[in-house]
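Please model the entire structure based on the sequences and the hints provided.
Protein chains: 2
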Amino acid sequence: MREKLKAHIEKVVPLTEEEFEFVLAQFTIKKFRKYQFLIQEGEAVKYSYFVVSGLLKLVHTDDTGKQRIVSFAMEDWWESDYYAYFTQTEATMSLDCLEDTVVFCLLLEDYKKLCDGLQKMERFFLEKANFGFIGSQRRIISWLTSNAKERYEQLLKQYPSLVQRVPKSLLAAYLGVSRETLSRLSA
Amino acid sequence: MREKLKAHIEKVVPLTEEEFEFVLAQFTIKKFRKYQFLIQEGEAVKYSYFVVSGLLKLVHTDDTGKQRIVSFAMEDWWESDYYAYFTQTEATMSLDCLEDTVVFCLLLEDYKKLCDGLQKMERFFLEKANFGFIGSQRRIISWLTSNAKERYEQLLKQYPSLVQRVPKSLLAAYLGVSRETLSRLSA
Numbered sequence: 001m002r003e004k005l006k007a008h009i010e011k012v013v014p015l016t017e018e019e020f021e022f023v024l025a026q027f028t029i030k031k032f033r034k035y036q037f038l039i040q041e042g043e044a045v046k047y048s049y050f051v052v053s054g055l056l057k058l059v060h061t062d063d064t065g066k067q068r069i070v071s072f073a074m075e076d077w078w079e080s081d082y083y084a085y086f087t088q089t090e091a092t093m094s095l096d097c098l099e100d101t102v103v104f105c106l107l108l109e110d111y112k113k114l115c116d117g118l119q120k121m122e123r124f125f126l127e128k129a130n131f132g133f134i135g136s137q138r139r140i141i142s143w144l145t146s147n148a149k150e151r152y153e154q155l156l157k158q159y160p161s162l163v164q165r166v167p168k169s170l171l172a173a174y175l176g177v178s179r180e181t182l183s184r185l186s187a
Numbered sequence: 001m002r003e004k005l006k007a008h009i010e011k012v013v014p015l016t017e018e019e020f021e022f023v024l025a026q027f028t029i030k031k032f033r034k035y036q037f038l039i040q041e042g043e044a045v046k047y048s049y050f051v052v053s054g055l056l057k058l059v060h061t062d063d064t065g066k067q068r069i070v071s072f073a074m075e076d077w078w079e080s081d082y083y084a085y086f087t088q089t090e091a092t093m094s095l096d097c098l099e100d101t102v103v104f105c106l107l108l109e110d111y112k113k114l115c116d117g118l119q120k121m122e123r124f125f126l127e128k129a130n131f132g133f134i135g136s137q138r139r140i141i142s143w144l145t146s147n148a149k150e151r152y153e154q155l156l157k158q159y160p161s162l163v164q165r166v167p168k169s170l171l172a173a174y175l176g177v178s179r180e181t182l183s184r185l186s187a
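Protein chains in written order, with the UniProt record's numbering: chain A, 1 to 187; chain B, 1 to 187.
Fair warning: there could be bad hints in the mix.
The list treats identical chains as interchangeable, and a pair is accepted whether it falls inside one copy or across any two copies.
Below 20 Å or equal to it, Euclidean Cα-Cα: the simulated EDC-like pairs (lysine to aspartate or glutamate) are [to be verified]:
1. K120 <-> D110
2. K128 <-> D116
3. K113 <-> E127
4. K34 <-> E99
5. K112 <-> E127
6. K31 <-> E90
If you're looking for bench data, these hints aren't it; they were derived computationally from the structure.
Written out as structure tokens, the structure reads:
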């Protein structure tokens, strides 16, 4: 499991064994079962999560109780309610498991410790944040410019394994279409 | 003008006068007239821009020629086609002026020089990137959960001066509603 984290970080910055030991010491590993929650709306957000294995969904619930899927997260992805995490406020989203899931957990104070203690890790997080921002911006553009069929095809092209693993009803919720429309698109 | 950049960076990290001189040396200042383009679709994206004064719009044009406004940028905001900037690929968006505009321009190589040369600046960019990501995520949630009236009210609450300055037709394009619908909302 440690090798997965190391390989993931080293896609951006190489680490000596000693540096990686320092990095690893800031994380804890947790295992969750399908349906378990890592983050609950209204509660504190302690951790940013790096997914070793499994599949999660980040969900926003509106005032009428309607749930919208903000994003999915699978192997090699980072996920949290980042606004709540960075500002240490209550979660406005929930994060729960669609499969049995293993994650590395990082407290905000340990995130800061990593950035302060090892400039390479600040570089790593900067790269992740820049491409996270770009990813969100591309999703906005996709919403502005594409219809449901095109959005489905983009998702299939970009993340084929995600489309396989996510239940169709949730995929429909993510794409903003009905379950019936999705069946037509994916037929 | 230099004081605006200094004050902006110092909201995140304090800089000595010597450090700020190093930072400032990586930027160039450019002035643009209303209607001028800073980025054109299909061309290289040389710079990331910090807006000193003025107002810009970042626009995506789809295959049918329909234009969508991805974001606006005004004083104290950073803007670019960041995917193209960081990957040094052709712009898929354009950036042009809605008012006469003054910007600080930062080449990618000078962005890297700032990050390498001064860890405080890497911290600054990390903070900007994290909150840029959060901002995009909140816009996605707003799209998923709110109707046009609610989106207009959120924008008015968050950026009252932006709503004042942006022509109504562009505000409608940004919110994804017709000009007529917006007139009704803002009446």
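Regarding K128 and D116, is the shortest C-alpha distance of 20 Å or less found within a copy, between copies, in both, or in neither? both (17 Å within a copy, 17 Å between copies)
I want to check one pair: K31 and E90. Are their C-alpha atoms no more than 20 Å apart within a copy, between two copies, both, or neither? For K31 and E90, neither the intra-copy (23 Å) nor the inter-copy (42 Å) Cα distance is at most 20 Å.
With identical chains treated as interchangeable, where does the CA-CA distance between K112 and E127 reach 20 Å or less: within a copy, between copies, both, or neither? both (16 Å within a copy, 11 Å between copies)
Given a CA cutoff of 20 Å, do K113 and E127 count as a within-copy pair, a between-copy pair, both, or neither? both (18 Å within a copy, 15 Å between copies)
I want to check one pair: K120 and D110. Are their C-alpha atoms no more than 20 Å apart within a copy, between two copies, both, or neither? Both, since 15 Å and 18 Å are each at most 20 Å.
Quick one: K34 to E99, C-alpha cut-off 20 Å, is that within a copy, between copies, both, or neither? within (4 Å within a copy, 53 Å between copies)
Against the hints set out earlier in the document, a violation occurs for number 6 only.
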